[in-house]
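Those protein sequence lines, which keep their order, are chains A and B.
Terminal number for the first sequence in the numbering used here: 169, no gaps in between.
Terminal number for the second sequence in the numbering used here: 386, no gaps in between.
Treat the hints with care, since some could be wrong.
What the hints assert, rightly or not - In silico PhoX-like links for lysine-lysine, alpha-carbon gap of 25 Å or less:
#1 A:K121 / B:K305
#2 A:K161 / A:K127
#3 B:K305 / A:K141
#4 A:K136 / A:K121
#5 A:K136 / A:K152
#6 A:K121 / A:K141
Claimed, not checked - A few chain B residues facing chain A, derived, Cβ under 8 Å:
#7 Y143
#8 A150
#9 M255
#10 T257
#11 V259
#12 P263
Since the hints were derived computationally from the structure, they do not count as laboratory data.
We put the beta carbon where it would ideally sit given N, CA and C, even for glycine.
Each chain is listed here by its residues.
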Amino acid sequence: MATVSKPIPNITPDMAPFYEGARNGRLMVQKCDACGTLRFPAYELCSQCLSTRSSWAPVSGRGEVYSFNIMHQVYHPAFAAEVPYAVVVVKLEEGPKIVSNLAGIKPHEIKCGMPVEVFFEKLSDEVTLPKFRPRAAGR
Amino acid sequence: MGRNFDHHNAIGFAIEAVELALRDAGLERSELDGLLVNPGITWAENTMASFTLQQAMGLTNLRLTATMGLGGATASAMIMHAAQSIDAGMADAVACVFADAPLQPPAPDTGKSGGAGAAYGFGRGLNASYGQFGVNAQYAFVARRHMHLYGTTNDHLGAVAVAQREWANMNPAAQFYDTPMTMEDYHASRWIAEPFHLFDCCLVSNGGLAVIVTSADRAKSLKHPPVYILGMGQGHPGGDPMDTLVSGAPLAKATAFKMAGIELGDINFAELYDCYTFTVLVTLEDYGFCKKGEGGPFVAAGNVRPGGALPVNTGGGQLSSFYMWGMTPVAEGVVQMRGEAGRRQVPRHDIGLVSGNGGILSTHGTLVLGANP
Numbered sequence: 031m032a033t034v035s036k037p038i039p040n041i042t043p044d045m046a047p048f049y050e051g052a053r054n055g056r057l058m059v060q061k062c063d064a065c066g067t068l069r070f071p072a073y074e075l076c077s078q079c080l081s082t083r084s085s086w087a088p089v090s091g092r093g094e095v096y097s098f099n100i101m102h103q104v105y106h107p108a109f110a111a112e113v114p115y116a117v118v119v120v121k122l123e124e125g126p127k128i129v130s131n132l133a134g135i136k137p138h139e140i141k142c143g144m145p146v147e148v149f150f151e152k153l154s155d156e157v158t159l160p161k162f163r164p165r166a167a168g169r
Numbered sequence: 014m015g016r017n018f019d020h021h022n023a024i025g026f027a028i029e030a031v032e033l034a035l036r037d038a039g040l041e042r043s044e045l046d047g048l049l050v051n052p053g054i055t056w057a058e059n060t061m062a063s064f065t066l067q068q069a070m071g072l073t074n075l076r077l078t079a080t081m082g083l084g085g086a087t088a089s090a091m092i093m094h095a096a097q098s099i100d101a102g103m104a105d106a107v108a109c110v111f112a113d114a115p116l117q118p119p120a121p122d123t124g125k126s127g128g129a130g131a132a133y134g135f136g137r138g139l140n141a142s143y144g145q146f147g148v149n150a151q152y153a154f155v156a157r158r159h160m161h162l163y164g165t166t167n168d169h170l171g172a173v174a175v176a177q178r179e180w181a182n183m184n185p186a187a188q189f190y191d192t193p194m195t196m197e198d199y200h201a202s203r204w205i206a207e208p209f210h211l212f213d214c215c216l217v218s219n220g221g222l223a224v225i226v227t228s229a230d231r232a233k234s235l236k237h238p239p240v241y242i243l244g245m246g247q248g249h250p251g252g253d254p255m256d257t258l259v260s261g262a263p264l265a266k267a268t269a270f271k272m273a274g275i276e277l278g279d280i281n282f283a284e285l286y287d288c289y290t291f292t293v294l295v296t297l298e299d300y301g302f303c304k305k306g307e308g309g310p311f312v313a314a315g316n317v318r319p320g321g322a323l324p325v326n327t328g329g330g331q332l333s334s335f336y337m338w339g340m341t342p343v344a345e346g347v348v349q350m351r352g353e354a355g356r357r358q359v360p361r362h363d364i365g366l367v368s369g370n371g372g373i374l375s376t377h378g379t380l381v382l383g384a385n386p
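Could you put the whole structure together from the sequences, leaning on the hints where they help?
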């Protein structure tokens, strides 16, 4: 049976450090070198101070579920066997938010505010994706 | 509007809409000296859509034109731009047009990610890897935050859908005319992206809508009594709507109500932008019809349905009549102000509120319409 693979993101130059970090098991966000504000995904300028000077910094990988949906509509054939599946917005302890999936829990058991931590899933030699799983509060 | 295949593409609908509006006003095509266009998603040429339309309908010597894009706030913003330009002496009669034809041809499933989600530029392809596609899924995040913080439920969202269906059942132009829906029907409708059922989401429609804006003096001599613009304003809050759960309505309202010299209690009815049921709850809160977070109970108490204290989306809105972006609330506002709404006519229509909302609570336009100058 023919299978369709899930979309694999193109590694654009501005996001390359994020994917490099993920391949090495580290969650990276962009950091303004002028005012220190963290941001994700990558932008050329800091929205706070408009500086173009930036670098990438590792974060703890800990955060909480800020919001989530449960997808039933099949927008891509690779997800047809997975519906209903949840997509979560994780608010990292350091501030930025990241869209991801939450493993090890049924979609309807997910709650806003639930503590989560990152793990990494290898899709190809180039692309490893950060995903999240529940963690015990305070860990 | 609706499941309408009278024209091959959006431009055909746009031209018919302008012709109907001109006929309604008793104006000749040659008297039009302004053309503002909000192209829907299916226009082949989006960046200069107003020029495309000008050429297609043979308009010459325009003194004002623009293609405008503030999402669902565009219709109200076009009217504001037209009114300001007329006031400045830059134009006399300006057509403001929206048209789209997404139902034809049916979009083939290319297997590629994107659609509206890609158009909005969220996540640059990364989100698709997680199965996050389209605007429904993004708006669902914001609605979920509202539920988490304020206790909003699907019963509350459903109350919006059911109330607007009641209105649509009295609107012969609605896609859901004479098609009743109960709360049970709402809950039984399939999930799209929880917390949104199918009936939490707006329709997909073909069609075009146009209004003619002119000066109050000129309007007096035209075919129908005019609807006056008493106040207008915009609000574009920026930032992340998940953090604030507030639209641009408070900003836009302050400008528009001050201009109109009115207070909230002066509003007889409201046509609120309703891409989702959830958007209506937030907008009711943000105009101050109820406290922040209490939009759900306000609607569940029956306030916005036919016979309620505040008639809202009296043609069925985009959930139950037709999805013509910001022109859906504008058009119904005009119909109600003119007293031409038939069975769904609200008893008092001296002052009406129209809102537009674009992006995800990102752009907002407010029009205060009056029966008298």
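So, going through the hints one by one against the coordinates:
1. A:K121 / B:K305: It holds: about 23 Å lies between the C-alpha atoms, which stays within 25 Å.
2. A:K161 / A:K127: 13 Å, holds
3. B:K305 / A:K141: 22 Å, holds
4. A:K136 / A:K121: Answer holds: K136 of chain A to K121 of chain A is near 20 Å, not above 25 Å.
5. A:K136 / A:K152: Distance of about 22 Å is within 25 Å: holds.
6. A:K121 / A:K141: With Cα atoms ~13 Å apart, K121 of chain A and K141 of chain A stay inside 25 Å; holds.
7. Y143: Holds. Min distance 5 Å.
8. A150: The hint holds - A150 of chain B has a Cβ within 8 Å of chain A, the shortest such distance being about 5 Å.
9. M255: 6 Å, holds
10. T257: 13 Å, violated
11. V259: 16 Å, violated
12. P263: Where the cut-off is 8 Å and the nearest Cβ of chain A is about 22 Å from P263 of chain B, the hint is violated.
In this structure, the hints that do not hold are numbers 10, 11 and 12, in rising order.
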